[in-house]
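Engineer: Under full-length UniProt numbering, the sequence shown has 73 at position 73, and the numbering climbs by one with no breaks.
Keep in mind that the hints are not guaranteed to be accurate.
Here are the in silico distance ranges between beta carbons for each label pair [as the list claims (entries may be wrong)]:
#, residue 1, residue 2, range
1, L104, N66, 37 to 47 Å
2, E35, R62, 50 to 60 Å
3, L107, E82, 34 to 44 Å
4, N66, A34, 31 to 41 Å
5, A34, E67, 30 to 40 Å
6, L43, R3, 36 to 46 Å
7, S30, E67, 27 to 37 Å
8, K75, D38, 28 to 38 Å
9, L54, T89, 48 to 58 Å
10, L72, E46, 47 to 57 Å
11, Q99, L79, 47 to 57 Å
12, L43, L72, 57 to 67 Å
Don't read these hints as lab results, they were simulated from the structure.
Ideal Cβ placement from N, Cα and C applies to all residues, glycine included.
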Amino acid sequence: MERDTVVKEVVEALKIFSRDIRTQIDEMGSQLRAEIQDTANQLRAEMQDTANQLRAEMQQFRAEVNERFDRLEQKFAGLRVELTETQETVHFLASKTIQHEKKLHHLAKQLEFIR
């Protein structure tokens, strides 16, 4: 009988021990899940911050590029005006040159006629 009592006490002690182990394992699992969730939340927050920072940098870059294009457009517009004015000047000078050549040719004919 004493042996049965010892065996029952050992079995009961093992049951209590296994319950304690299960409880500890469950607690560790819960802690691990909570830590994993916290880490995932931190990573999401960091990724969101990085995405926001990249968006801000891209918007700033886009604004700088647009500003540069605007300046280039203004510069090209100024060059177009200068080119148009230069073309008009060349055309005017060419027409005056033709007029002077005609006059010189006419005067040369008059000189030949007089001689």
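Engineer: Which of the listed hints are broken here?
Structural biologist: 1, 2, 4, 5, 6, 7, 8, 10, 11 and 12
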